[in-house]
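Colleague: What follows is the residue order along each chain.
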Amino acid sequence: MRGRLLLLAPAWGWLLLFVAAPAAILAAIALAESDPGVPPFRLALSATGFATLTEDTYYLDALLTALRVAATTAALCLLIAYPMAMGIARAAPRRRVILLALLMLPFWTGFLLRVGAWIGLLRDEGWINGMLQAAGLTDAPLTLLYTEGAMIAGMVHAYLPFAVLPLFAAFLRLDPSLGEAAADLGARPAIAFLTVTLPVTAPAAAAAFLLVFIPAAGEYVIPELMGPPEAQLVGRVLWQEFFQNRDWPVAAALALALLVLLLVPIRLFQRLEART
Amino acid sequence: MKPLLRAEALTKRFGGTLALDALDLEIAEGEFFALLGGSGSGKSTLLRIIAGFETPDSGRLLLDGHDIAATPPWARPVNMMFQSYALFPHMNVADNVAYGLRRAGVARADVTGRVASALAMVGLSGFERRKPHQLSGGQRQRVALARSLVMRPRLLLLDEPLGALDAGLRERTGFELRALQRETGAAFVMVTHDQEEALALADRVALLDGGRIAQVGAPRAIYERPASRFVARFLGAANVLEGRAMEGRFDSAEAGATFAGDIPAHTAAIALRPERIRVAVAAEGANTARGVVEDVAFRGDDSLVLVRLTGGATLRVAHAEEDGAPPMRGADVYLAWDAEAVVALPA
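Residue numbers (this note's numbering), protein chains in the order written: chain A, 1 to 276; chain B, 1001 to 1347.
Simulated from the structure, these hints should not be mistaken for laboratory data.
All C-beta atoms in this analysis are idealised placements derived from N, C-alpha and C, irrespective of residue type, glycine included.
It is possible that part of the hints are untrue.
[To be verified] Derived CB-CB ranges, DEER-like:
(1) B:Ala-1120 <-> A:Ala-9: 52 to 60 Å
(2) A:Leu-198 <-> B:Gly-1016: 34 to 42 Å
(3) B:Ala-1120 <-> A:Leu-198: 26 to 34 Å
(4) B:Ala-1164 <-> A:Arg-267: 49 to 57 Å
Please construct the entire structure, taking both the sequences and the accompanying hints into account.
Modeller: This is the structure:
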């Protein structure tokens, strides 16, 4: 009993310090009143922060846009990661190590450096436009950067490994004789995939989707550096409220709203897991 | 005997290893056939080629006279029970058993009836709604069996069917497998590494070694008349003694004994089963030997006695309980056996 407590203590300590305490602070700020000072709030029990969220559709739009962009990113990541993970898991063990290393390789360069590379590729005088014009395919540069497409491409690139890894683990665990049993019982490869492989790996696919969706929903850097200026995602709005408007109660309320919205799919996923 | 399946010069290589070496085999309609061998003998490769999961590099595989070597597994009238059972974890028992029927487009009403009778056959009625993870190992094995048998295959392949069961369940399940085989009339082809299992269950056994068939025949025939040293050693650990044949006798220096009996001129070695050797008071001449007891192990209805012979070889002797107390360790003993017990090995 004592040993168990000792083992669990670091985990509980971590949760208390880095999850529970910040959440409590955030809640306190969300209920505080805005005040021009340092810090820019006065502790209170006021609903002004939350009220502001509902008064203006601006905040709701920012939340919904962020969820839509995150869902698109997660769906695209899933679409790319699923065959990738299947291919890596089915490769010979030595090749598998190389393929996994290639997958993780971009992570060894800085995140901002990778975004910078994308900007270099996509901007008006960038590599892609340069090549298109040199080949005589276009006369004027195409607008590639600062579009929703650029933003989503950047996010898919950044989050792809989060989707590949859980799927890779699932394909590694998948008993290859399941597919053979399906074939043996008369299923052609496409049918065997749809009736056996896909449903058996579905929980891992859901996990992969969530592992991308959740961080992508709060993403700030990529929309800021690559996205269209008019796109107001919740991450950007949070930044503005905290650092430009210095309206901490509204910002904290918005952050809490995002947190609650993200708990819904997590909870759904857990119930799905428990059922299978 | 009408052959259902015929393999002609089947050859399969994996990289540099020869898994099957021009293997010929015939399996009759409705027989229980065992492919016996150690790891790397090619028995699993042969099973996977019959199922269609591997294609032979050369040779023919005839089912009812038609070459099926290039037919994909989903188009073969052959079903397999996998060693891991390979039950679909996201489906319940009934859906697992119905899977093949649904692929074959069997009418919905018929599916229900056939699933029910297949589950009744393996004694699992009432388990329809269970998921595989809610079943014991033995129950899973039965679901896998029902899932194959519901397809009414003329040829059922079983990959180590008793391998994952604990000892108590193996014997009973073995008898049940034989009963199911008689009931369905299908030919069963079982892969196993366990010689007792093969001898107990099968009508005929093929012992594989290095991608070739070392011997094929009825269990009793190959047990009593092994064709080579390998077969003699693999089937129940007979004593194999080296020496030279001359004039109807076989002189073994390592035994320090002469064997007499039915010994052809080309005999390469002699096999002598442990249970055919008895401890004698005194012995002289052919079919006797002298040695020192190295160790004695009690096994229930007999004791296994290890005797180091004067020639240096160690002989395994099964000493039956009804013959009295076994000799003590360190004792000098005389051994004797009958001429019929001497099996001449041509290779």
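Colleague: Give a verdict on every hint.
Modeller: For each hint, the structure was consulted:
1. B:Ala-1120 <-> A:Ala-9: 52 to 60 Å: Because 55 Å falls inside the window, the suggested range holds.
2. A:Leu-198 <-> B:Gly-1016: 34 to 42 Å: holds, 37 Å
3. B:Ala-1120 <-> A:Leu-198: 26 to 34 Å: This hint holds: roughly 32 Å between Cβ atoms.
4. B:Ala-1164 <-> A:Arg-267: 49 to 57 Å: violated, 38 Å
The structure shown violates just one earlier hint, number 4.
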